[in-house]
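Go by the hints and put chains B, C and D onto chain A.
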Amino acid sequence: MSGDHHHEPSFIRKYVFSVDHKVIGIQYGVTALCFLFLGFCLIMMMRWQLAYPGETMPIIGNLFGEAAMPGGVMLPEFYNSLGAMHGTIMIFLGVVPLLVGAFGNYVMPLQIGAPDMAFPKLNMLSYWSYFLGGVVMLASFFVPGGAANSGWTSYPPLSDIATTGQTWWLFGMVCLITSSLLGSVNFIVTIVQLRVEGLTMFRLPFFVWAQLITSFLLLLAFPPLEAAGVLQLMDRLAGTSFFLPEGLVVSGVVQTQISGGGSPILWQHLFWFLAHPEVYVLILPAMGMVAEIISINTRKPLWGYRAMIYSTIFLGFMSFIVWAHHMFMTGMGTKISAFFATTTMIISIPSVVILTAMVISLYQGAIRFTVPMLFALAFLPMFAIGGLTGLPLGLPASDIHLHDTYYVIGHFHYVVAPGTIFAIFAGIYHWFPKITGRTLNKTLGYIHFAFSFIFINIIFMPMFWQGMAGVSRRLYDQTVYAHGDAVQSLTVISSWGAWMLGLAQIPFIINFFISIKAGKKVSDNPWEATTLEWSAPSPPPHGNFATVPVVYRGPYEYSVPGASSDYIPQHITTEA
Amino acid sequence: MNRSRIIGVATVIVVIVCMMAPTVVLGQTDGPVASGHIIDGDYGYGMPPNASKDGHNVDNLIHILHWFMLALFVAWGIFFVYCLMRFRARAGHRATYDPVKAKVSKYAEIGVAAFEAFLLIGLSMPIWAATKNEPPAKELATHVRVVAEQFQWNFHYPGTDGTFGRTAAAFVDTVDNPLGLDRSDPAAEDDVFATELHLPVNKPVICDLTSKDVIHSFFLPVMRVKQDVIPGMRIPVWFTPVKEGRYEVACAQLCGNNHYSMRAEMVIEDDASFATWLEEVGKVEEFDEDELD
Amino acid sequence: MKLSMITLAAAFAINTITFTPTPCQAGDKNVITGKIIFKGDLAKYKRTKINTSKDPNCKKSKKTIGSEKVIINKKTDPLTLRNVVVSIKSGLGDKVFPVSKEELKVTQFGCQYKPHIIAGQSGQTLRILNGDNTNHNIHFLPKVNDEHNFTQPKKDMVKGKTIVLKAEDPFKVKCDVHPWMNCYIAVFEHPFFDVTGKDGTFKLAGMPDGSYTIQAWHESFGTVTAEAEISGNTIVTKDMTFEP
Amino acid sequence: MSAEVLPYTVKPHPVTGLYNGKFGIWLFLASEVMLFGALFSTYIFLRIGAPETGPTAWPTGEQTHLSWKLGGLNTLILILSSVTMVMAWVQFKMDNLAKGRMYLIATAVLAIAFVAIKLKFEYMHKFHLGIKPSTSVFFAIYFTMTGLHALHIIGGVVVIAYFIGPGAKLWHENREYYTNRIECTGLYWHFVDLVWIFLFPILYLL
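Chains as they are written, first to last, in my numbering: chain A, 8 to 583; chain B, 422 to 714; chain C, 2 to 245; chain D, 209 to 414.
Bound conformation, chain A alone (with noise of 0.2 Å):
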């Protein structure tokens, strides 16, 4: 081996700080399939205590210890410390990283032609620090008194009065705020700059569109809440008073020691500031995705590219001005409440754009219906209820009986759960052959999308009844209301639902391990894609190309007519 850059780097070097975007774009996919099968396992717990309240959990009641499950029973305390660990990890440690960590990290470079991220030691120190957050958040459970139990949205002043594991949360959102920002950087520098030649912005696939979109909303809309963690901890460490007013009466004691002057809203309007682009970032890259495989597997241009993509431009711009109406409720003034209304409408109206497009892309297509595209198509109607659902809760008057009850969870859940999280299931099936070299077993992906589906609706789609029924969300008990009580059956069917859809996950754990070791062997290209990532060898090597390839044509040219194949590649230059 002669040369700098042309000797066998160590294990380490290759395998654990590689800087290698695709090596890194695994660790990122790896590490956040644990923590998204982690924030599963802690709702499959909270579901047990919401079906059956205070009875003994079976099995696995008594691993839990005398603080958290005494004799097999949930404490309200325990219960609370899973529903704000599973908000937070399966947002900012399972489906983020997933989606910009490991998709785009992967598949965003390889679509462009570049060899690498712009930067990649900074790429390498982002996946580290997203790995030292994790490893925060989990640590937290074993503090006294548990981790953060506050809810993932961590409102003050309860979240400033409440145990050591709130101060371990902040530390750990601080070092995934570090890490999502670090990545943003990389992922714009990297897209803006290191096209190949003749990848013009508007013949780049839609997925890489939606990172570029998803990476700015991370830039600009993160470090707000890394400012409201910086005052939260100063709150919590240097006694200050920025979240809270004076004259607080804790448990009958009068709260001498601080100041007051603070205002518990401030943090809301903080923390909503990046939570409301969050939910984009949550969906941006799935829709990106989704986009990508419908695309594929109808043989058909994408309907409406360059709408789609000023949709989503528009969508990024939008979601910065409508974080208030998480807060119709905290006594906002018809004016304000008037203004983040409309503009909460408005924003409904790009989302409609995009799922039109997409399935009027269907329209006179050749669907292919294999299990991405499944995945991919069901993504589709449960975007829709999603985004549906979201139009009650939109309108303040409407939103005064919704708001923060089961009808909640399920809108967002549909847009997340069976929507991004579907969209994740699509995209590995999807580039798993890309990555390994082979693909996974058909047959068990055909059971795995079946069970999934119906299982993942029969636990959501009862939340809207509850909902309306009025059942508030982070209930350790709702039959203590009879309004809960005569609808806790549903609860029953919803608990239910999600252990069936654990269940449901064997097939693709199984897939998965199986596949990689001895999958079908596949070629380079197929699934007959268009785009660049095909053009590389599977697993494409270090520097990913090569040769670095020139780019001729937008990234859908399927079935053009008169062409021998139905599809040609980005990168070849005049038709065969």
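No lab work stands behind these hints: they were computed from the structure. Just to be clear, a hint being listed does not mean it is correct.
[Stated by the list, open to error] The list that follows gives simulated cross-link-like pairs (lysine-lysine, PhoX-like), each with its CA atoms no further than 20 Å apart:
1. C/K47 <-> B/K704
2. D/K277 <-> D/K328
3. B/K704 <-> C/K60
4. C/K70 <-> B/K704
5. C/K144 <-> C/K167
6. C/K90 <-> C/K204
7. B/K704 <-> C/K64
8. C/K45 <-> B/K704
9. C/K45 <-> C/K64
10. C/K50 <-> B/K704
11. A/K128 <-> D/K301
12. C/K61 <-> C/K155
13. B/K553 <-> A/K342
14. B/K664 <-> B/K624
15. C/K70 <-> C/K45
16. A/K128 <-> D/K277
[Said to hold, decoys possible] Non-contacting residues of chain D with respect to chain A, defined by C-beta distances greater than 12 Å in every case (computed):
17. T264
18. K301
19. L356
20. A369
Ideal placement from N, C-alpha and C gives every residue a C-beta, glycine not left out.
The following block gives chains B, C and D in isolation, referenced to the frame of chain A:
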């Protein structure tokens, strides 16, 4: 390609089954509510009963919205399913390269946008304005201070003089004086505390919401009233109960370990019973048992 | 760890201070006893019924409960005060006493803590039980001990929860679900303490010879101290008076 | 991954006119603007919400215990350090390592002086008066914002020290690359300077 067809049809069936699932649920559970009281009204899978004068506005909006959503989803779903069946890949079928030229989608989108505008401007804003802008006249209304704390709702009635006594954190005593009432204030003399919200029927109510510690949310399902209770702020809400009965007061914002226990009851009764209750609840009775623990 | 530190400190004391070469054993026959007398307006301190209507499950355990801020034993003459913690405040020097193995117990019954005053020795365990069919939340408001804040949502939930106590002046324990519910915990380094009951008397026994300051603490009236000297297995009577 | 493989690490991109590092630092600064923007918004939010009188009223003038003279001196120091930073870059551009380094050292020294004044004469003085972040919301935001800013300054000093010392090796390998990095550091430095120029009036003067 027979297989694809089977999968396509299976998908459709699964969608329908999933939509139906929650409606074909098991029968209602019929246990006594934790409090042991009988709570009035029929509770089930729909919205809770409405016991307030203006609550039906919110209900109407929610109903209209859901019919609209259902119409959209069904129309969209029919097109979606049609595409899946009609354009599945099969021998001799090839996708069309050129995009569809139909303008239907554009009109549909404009239609949706227009209807959303109507919902917002025509329905939501007037209701919101009514619940936020025009409080009932003070002299005609029952006035109650609602003070939330971990984990109890305290209701403070001004008594016959109609004026609330001064309160301050320094006077708080968890046993005798949960609200920190300044007993030296003459206005405080006839003030009454309760942990149950009693209100006269057919008379507007103004509740001034404050919190002693963290954020709570004052939720009266049967009145279609929900409002966050934020420490350091005094937020009024108002409504007019029109149906007598015993109902629930819920906390709708996570407020700590026992958030779920933060439940109170609300009794809507006629003027006479309300007056009697107000007399009774303020009375302090002597405890003369001499038990040893 | 903590225990070995104490032993270490004790060993240090043995080397530097001349008396008590071995840790004191209880069983010495010295006794300090007395009454806690109340002098004041009885009418001002009537016990009142507590309104528990918020949670009907309270009534299921016990129909009515009374306030416990001031309980005067009306049948004694002179009037005496219940729930007063009497203890040796100073005079024991650096002596170390074995910790009672006995478990302290407090039960939540009828939405009241039974007993209302818990006195124990540093290192002793306290078991907290829920005898009501409702959710209770136990919130310690201490300065030295850990700020426990936990729930017991069910009756007789397993065998309750145990907590090892550290020495501290009396501190409040409160239920956040039933705000009127509170009790006090007083924890001492030594075993010479007592809580007055129905007869308003206290008895501290088994302390070594010496002169001591004894303190009486009441949740509403604060503290009163007295000096007592004792030697040769005698009984010393020291009445103390609260005059609010 | 070395410079040869990735395009535009040193040379600017023909369309954007930026090399990767510079583009990156601009984006990073955009996020910093949002970070400090959020804190400035917090300041405005709390100040508007503060009552006219009473214990939580917003302190002004004497009550703030802040000396505009010290603050002003620090402002001058930072502006001067920005100038020396630019001079350093100019010298590197003109291929003069020794002079460039000298200016870098001057920048670092000025930065340390800023932090020293901040800690020794301002923070210590407050602590002597018994003023802590928990004293009032004003001091909370004063300590948080100036503290965070001081951390940015210290971070900058570390980076500058790196380029004076071990980082200078790059100069001998690829001068343009090194100079570019100094330029990026300079952009960051000007930003930190700019933050102070906003902080100074809102805390010391208004």
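Hint check results:
A C-alpha spacing of about 14 Å is found between C/K47 and B/K704, which places the hinted pair at or below 20 Å, so the restraint holds. Using a Cα cut-off of 20 Å, the hinted pair D/K277 and D/K328 holds, with the two alpha carbons roughly 15 Å apart. Distance hint between B/K704 and C/K60 is fulfilled; the C-alpha atoms sit about 19 Å from each other, no more than 20 Å. A C-alpha spacing of about 19 Å is found between C/K70 and B/K704, which places the hinted pair at or below 20 Å, so the restraint holds.
At most 20 Å may separate the alpha-carbon atoms for a hinted pair to count; C/K144 and C/K167 meet this at roughly 10 Å. A hinted pair counts as satisfied when its Cα atoms are at most 20 Å apart, and C/K90 with C/K204 qualifies at roughly 15 Å. Only pairs whose Cα atoms come within 20 Å are accepted, and B/K704 paired with C/K64 is accepted, the gap being roughly 18 Å. At roughly 16 Å between alpha-carbon atoms, C/K45 and B/K704 fall within 20 Å of each other, so this suggested pair holds.
With a C-alpha separation of about 25 Å, the suggested pairing of C/K45 with C/K64 is violated against the 20 Å cut-off. Of the supplied pair hints, the one linking C/K50 and B/K704 holds, its CA atoms being roughly 10 Å apart against a limit of 20 Å. The straight-line distance between the Cα atoms of A/K128 and D/K301 is roughly 26 Å, outside the 20 Å bound, and the hint therefore fails. For the hint pairing C/K61 with C/K155, the CA-to-CA distance comes to about 14 Å; that is within 20 Å, so the pair holds.
At roughly 11 Å between alpha-carbon atoms, B/K553 and A/K342 fall within 20 Å of each other, so this suggested pair holds. This hinted pair checks out: B/K664 and B/K624 have alpha carbons roughly 11 Å apart, not beyond 20 Å. About 12 Å separates the Cα atoms of C/K70 and C/K45, which keeps this hinted pair within 20 Å; it holds. For the suggested pair A/K128 and D/K277, the alpha carbons sit about 43 Å apart, so the restraint of at most 20 Å is broken.
Listed as outside the interface, D/T264 is inconsistent with that label: its C-beta sits roughly 3 Å from the nearest C-beta of chain A, within the 12 Å cut-off. Even its closest Cβ contact with chain A, about 22 Å, leaves D/K301 beyond 12 Å, as expected for a residue assigned away from the interface. Taking the minimum C-beta to C-beta distance to chain A, about 7 Å, the non-interface status of D/L356 is violated against the 12 Å cut. In this structure D/A369 is separated from chain A by more than 12 Å, as the shortest Cβ-Cβ distance comes to about 19 Å.
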